[in-house]
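Enquirer: Please model the entire structure based on the sequences and the hints provided.
These are the residues of each chain, in order.
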Amino acid sequence: MSVALVKEKYSSKVGEVVLGATAEQGGTRTHTITVGGDSALPFLHFEGETKNRPVIAMEVTDVVPSWNDLIKNQIGDVINNPAAWAKKCVDDFGADLIYLKLDGANPEGENRSPEDCARIVKEVLAAVGVPLIVEGCDNAEKNNEIMAVIAEAATGENLLIGIAEQDNYKSIAAAAMVHKHTLIARSPLDINICKQLNILIHEMGLPLNKIVIDPTVAGLGFGIEYVYSIMERARLGALANDKMLSMPIICTVGYEANRCKEAYATVEEFPGWGDLEDRGVLWEAVTASGVLQVGASILVMRNPAAVTLVKKNITDLMGK
Amino acid sequence: MIIFGERINGMFTDIGEALRNKDPKPLQYWAVKQQEGGAHYLDVNSGPAIPSEERVEAYEWMVNVIQEVSELPLVLDSTNYNAIEAGLKVCKRPAIINSCPAEQVKIERVFPMAIQYNAGIIGLTMDKKGIPKDAENRVAFAMELVAAADEYGVPMEDLYIDPLILPVNVAQEHAPEVLESLRQVKMLANPAPRTVLGLSNVSQKSPDRNLINRTYLAMAIACGLDAAIMDANDDDLVDVAATAQILLNRSVYADSYLKVFRAR
Chain A
1 MSVALVKEKY
11 SSKVGEVVLG
21 ATAEQGGTRT
31 HTITVGGDSA
41 LPFLHFEGET
51 KNRPVIAMEV
61 TDVVPSWNDL
71 IKNQIGDVIN
81 NPAAWAKKCV
91 DDFGADLIYL
101 KLDGANPEGE
111 NRSPEDCARI
121 VKEVLAAVGV
131 PLIVEGCDNA
141 EKNNEIMAVI
151 AEAATGENLL
161 IGIAEQDNYK
171 SIAAAAMVHK
181 HTLIARSPLD
191 INICKQLNIL
201 IHEMGLPLNK
211 IVIDPTVAGL
221 GFGIEYVYSI
231 MERARLGALA
241 NDKMLSMPII
251 CTVGYEANRC
261 KEAYATVEEF
271 PGWGDLEDRG
281 VLWEAVTASG
291 VLQVGASILV
301 MRNPAAVTLV
311 KKNITDLMGK
Chain B
1 MIIFGERING
11 MFTDIGEALR
21 NKDPKPLQYW
31 AVKQQEGGAH
41 YLDVNSGPAI
51 PSEERVEAYE
61 WMVNVIQEVS
71 ELPLVLDSTN
81 YNAIEAGLKV
91 CKRPAIINSC
101 PAEQVKIERV
111 FPMAIQYNAG
121 IIGLTMDKKG
131 IPKDAENRVA
141 FAMELVAAAD
151 EYGVPMEDLY
161 IDPLILPVNV
171 AQEHAPEVLE
181 SLRQVKMLAN
191 PAPRTVLGLS
201 NVSQKSPDRN
211 LINRTYLAMA
221 IACGLDAAIM
231 DANDDDLVDV
241 AATAQILLNR
251 SVYADSYLKV
261 FRAR
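Chains as they are written, first to last, in my numbering: chain A, 1 to 320; chain B, 1 to 264.
By construction, these hints were calculated from the structure, which means they are not laboratory data. Note that the structure is a prediction, hence the values are computed from the model and not measured. Note that CB positions come from ideal geometry on N, CA and C, so glycine has one too. One or more of the hints may lead you astray.
Said to hold, decoys possible - No farther apart than 30 Å at their CA atoms in a straight line, the calculated lysine-lysine pairs in the DSS-like style are these:
{"no.": "1", "chain 1": "A", "residue 1": "Lys13", "chain 2": "B", "residue 2": "Lys205"}
{"no.": "2", "chain 1": "A", "residue 1": "Lys180", "chain 2": "B", "residue 2": "Lys133"}
{"no.": "3", "chain 1": "B", "residue 1": "Lys186", "chain 2": "A", "residue 2": "Lys7"}
{"no.": "4", "chain 1": "A", "residue 1": "Lys9", "chain 2": "B", "residue 2": "Lys186"}
{"no.": "5", "chain 1": "B", "residue 1": "Lys259", "chain 2": "A", "residue 2": "Lys13"}
{"no.": "6", "chain 1": "A", "residue 1": "Lys312", "chain 2": "A", "residue 2": "Lys51"}
{"no.": "7", "chain 1": "B", "residue 1": "Lys259", "chain 2": "A", "residue 2": "Lys9"}
{"no.": "8", "chain 1": "A", "residue 1": "Lys243", "chain 2": "B", "residue 2": "Lys186"}
{"no.": "9", "chain 1": "B", "residue 1": "Lys259", "chain 2": "A", "residue 2": "Lys243"}
{"no.": "10", "chain 1": "A", "residue 1": "Lys9", "chain 2": "A", "residue 2": "Lys51"}
{"no.": "11", "chain 1": "A", "residue 1": "Lys243", "chain 2": "B", "residue 2": "Lys33"}
{"no.": "12", "chain 1": "A", "residue 1": "Lys170", "chain 2": "B", "residue 2": "Lys259"}
{"no.": "13", "chain 1": "B", "residue 1": "Lys92", "chain 2": "A", "residue 2": "Lys243"}
{"no.": "14", "chain 1": "A", "residue 1": "Lys13", "chain 2": "B", "residue 2": "Lys186"}
{"no.": "15", "chain 1": "B", "residue 1": "Lys33", "chain 2": "A", "residue 2": "Lys9"}
To be verified - Ranges between beta-carbon positions, derived for each pair:
{"no.": "16", "chain 1": "B", "residue 1": "Pro191", "chain 2": "A", "residue 2": "Gly272", "range": "51 to 61 Å"}
{"no.": "17", "chain 1": "B", "residue 1": "Ala189", "chain 2": "A", "residue 2": "Asn168", "range": "48 to 58 Å"}
{"no.": "18", "chain 1": "A", "residue 1": "Lys51", "chain 2": "B", "residue 2": "Asn118", "range": "24 to 34 Å"}
As the list claims (entries may be wrong) - If you want a taste of the chain A side facing chain B, the calculated C-beta under 10 Å gives, among others:
{"no.": "19", "residue": "Thr32"}
{"no.": "20", "residue": "Lys195"}
{"no.": "21", "residue": "Glu203"}
{"no.": "22", "residue": "Gly237"}
{"no.": "23", "residue": "Ala240"}
{"no.": "24", "residue": "Leu245"}
Expert: Next comes the structure, spelled out in structure tokens:
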């Protein structure tokens with residue numbers, strides 16, 4: 001008996017966003033990266049096009065991070081030098097783009113000046129040809145200061161800068177608008193705030209194709225199902241022509257997965273959990289592949305060994 | 001929810017006069033104003049202002065002057081199909097033919113014309129004998145129109161079934177029958193045809209027109225109404241349409257949902 005596949009038909013698709021800018025476009029990247037554009041649920045190739053391959057941004061910080069040694073050892077000596085670290089991510093680990101987190105700006109830490117932060121951004125830009133994502137530290141007020149200076153210093157590069165949140169979006173949205181960058185709009189696992197924030201940013205004048213959604217994710221075992229349902233609603237909204245939910249999605253997988261105890265506790269502490277080296281890699285890789293299944297376009301990852309696994313997973317899912 | 005702005009109709013004094021004097025300004029004023037109010041389509045009806053024999057020319061003129069100021073697609077509203085065809089010929093965007101009853105002769109005229117001009121059709125659940133009293137007979141007529149769409153190759157999303165609401169002050173018993181018809185029409189095919197009502201008809205000659213329109217719109221949307229020919233400049237009515245979408249979970253809630261509903 002032959003079975004007819006029941007196919008969903010969608011009226012719209014996910015918007016496309018271009019990251020980076022080449023010399024012709026006013027930047028210095030060797031190439032740009034386009035994300036989004038899907039016209040069906042992820043990887044359902046028989047229903048619609050998964051237009052652009054999901055990409056992996058590898059995390060680089062401006063101060064030596066407090067990550068576990070299994071990750072730090074893979075990165076090696078360059079961990080003291082953001083530019084060299086970024087280059088290693090691209091050359092050796094196959095990163096599609098670099099996610100630079102400026103933790104050093106935090107007033108409770110090194111309290112780097114905006115100019116100092118901008119210098120580091122320029123150094124990383126000079127070291128790699130891929131598009132760059134730049135986020136500040138965990139202090140909203142300081143971020144507004146540094147992102148204004150960085151956005152200006154990197155005018156024309158079309159950085160993906162973050163983060164805009166519901167109670168702090170105006171300053172960074174203005175910086176993105178004036179200096180022609182793309183903006184990360186982050187909502188706290190809340191589809192209604194996600195949509196509202198996109199509306200507010202768009203009302204300021206930033207075009208919809210200059211916004212990327214960060215829905216906030218969770219690591220495997222810590223609420224990833226909830227993340228999945230939020231992202232699924234956003235994707236279904238986009239496919240049903242809800243323009244205010246139609247942006248591609250970025251997921252900070254490495255950060256969330258490696259906060260989970262399962263990703264760093266030793267086998268001596270939890271003998272039943274198995275070897276940490278494999279476990280840490282798998283925890284991040286499985287978190288990443290979980291959000292891939294529901295439409296992540298940009299995965300921000302940390303562990304090089306997990307990146308290798310997820311790249312293979314993406315290739316398999318793309319079917320080419 | 002798709003809003004068809006009702007205001008460009010020769011029954012209104014200003015439009016009637018404009019049609020007689022060939023003055024484009026009132027038509028253009030209402031085209032822009034209804035778009036600002038939230039209309040997605042503009043209904044265009046000469047009404048009795050233009051004698052039958054001049055309607056072909058009148059529809060061509062109306063479409064042209066409206067398109068000078070508005071990008072909105074049009075709903076060409078007339079019982080004179082030659083006039084509608086003259087309008088379709090000059091429409092820049094796919095239009096909707098308003099309307100075709102469940103009568104074979106008219107189906108044979110309208111459905112091929114819809115295919116030829118890539119237009120939608122509003123199908124009325126009535127025949128020569130008039131409007132049925134109950135839902136059952138309305139749905140039977142709807143089925144004939146669905147079958148015709150199938151036969152002529154009109155996609156279901158281009159067929160708008162209108163179960164015909166009558167004024168509540170004289171034909172109160174029709175209101176619940178129309179709601180039941182909406183529910184059943186949505187189950188006639190998969191994908192289902194769309195549904196539409198000439199909403200303002202429900203409140204004809206009642207003192208509390210706006211309240212009746214708003215209340216009935218909310219009820220009808222919950223029963224499966226997809227579109228309404230209505231007053232696009234009654235802000236509260238447009239807000240009801242936007243809010244009903246949210247309460248039916250058809251669109252994701254955001255604090256600014258009313259504003260987004262009107263945005264394009």
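Enquirer: Would you mind marking each hint as holding or not holding in the structure?
Expert: For each hint, the structure was consulted:
1. Note on Lys13/A and Lys205/B: the hinted pairing is violated, with a Cα-Cα distance of about 45 Å set against a maximum of 30 Å.
2. Using a Cα cut-off of 30 Å, the hinted pair Lys180/A and Lys133/B is violated, with the two alpha carbons roughly 62 Å apart.
3. A distance of roughly 20 Å separates the Cα atoms of Lys186/B and Lys7/A; the hinted pair therefore holds under the 30 Å criterion.
4. Straight-line distance between C-alpha atoms of Lys9/A and Lys186/B comes to about 18 Å, which keeps the hinted pair within the 30 Å bound.
5. Distance check on the hinted pair: Lys259/B and Lys13/A sit about 22 Å apart at the alpha-carbon level, within 30 Å; holds.
6. Distance restraint check for Lys312/A and Lys51/A: the Cα-Cα separation of roughly 18 Å lies within the 30 Å cut-off, and the hinted pair is therefore satisfied.
7. With a C-alpha separation of about 28 Å, the suggested pairing of Lys259/B with Lys9/A holds against the 30 Å cut-off.
8. A hinted pair counts as satisfied when its Cα atoms are at most 30 Å apart, and Lys243/A with Lys186/B qualifies at roughly 26 Å.
9. For the proposed pair Lys259/B and Lys243/A, the alpha carbon gap of about 13 Å is at most 30 Å, so the pair holds.
10. Straight-line distance between C-alpha atoms of Lys9/A and Lys51/A comes to about 16 Å, which keeps the hinted pair within the 30 Å bound.
11. Between Lys243/A and Lys33/B the CA atoms are separated by roughly 24 Å; this keeps the pair inside 30 Å, and the hint holds.
12. For the given pair, Lys170/A sits about 19 Å from Lys259/B by alpha-carbon distance, which is consistent with the 30 Å threshold.
13. Only pairs whose Cα atoms come within 30 Å are accepted, and Lys92/B paired with Lys243/A is accepted, the gap being roughly 25 Å.
14. Using a Cα cut-off of 30 Å, the hinted pair Lys13/A and Lys186/B holds, with the two alpha carbons roughly 25 Å apart.
15. Of the pairs offered as hints, the one joining Lys33/B and Lys9/A is violated, with about 34 Å between alpha carbons and a cut-off of 30 Å exceeded.
16. Separation of Pro191/B from Gly272/A is about 52 Å and conforms to the stated range, judged on CB atoms against 51 to 61 Å.
17. In this structure the hint that Ala189/B and Asn168/A lie 48 to 58 Å apart at CB holds, the actual value being about 50 Å.
18. For the pair Lys51/A and Asn118/B, the beta carbons lie near 27 Å from each other, so the given range of 24 to 34 Å is met.
19. Among the interface hints, the one on Thr32/A is violated; its C-beta lies about 29 Å from the nearest C-beta in chain B, farther than the 10 Å criterion.
20. A cut of 10 Å between beta carbons decides the hint on Lys195/A: the least distance to chain B is about 4 Å, and the hint holds.
21. Because the closest C-beta pair between Glu203/A and chain B is about 8 Å apart, less than 10 Å, the hint holds.
22. For Gly237/A, the suggested interface contact is upheld, since its CB lies about 5 Å from the closest CB of chain B, less than 10 Å.
23. Interface restraint check: Ala240/A against chain B, minimum CB-CB distance 8 Å, threshold 10 Å, status holds.
24. The interface hint given for Leu245/A is met, as the beta carbon of that residue sits about 6 Å from the closest beta carbon of chain B, less than 10 Å.
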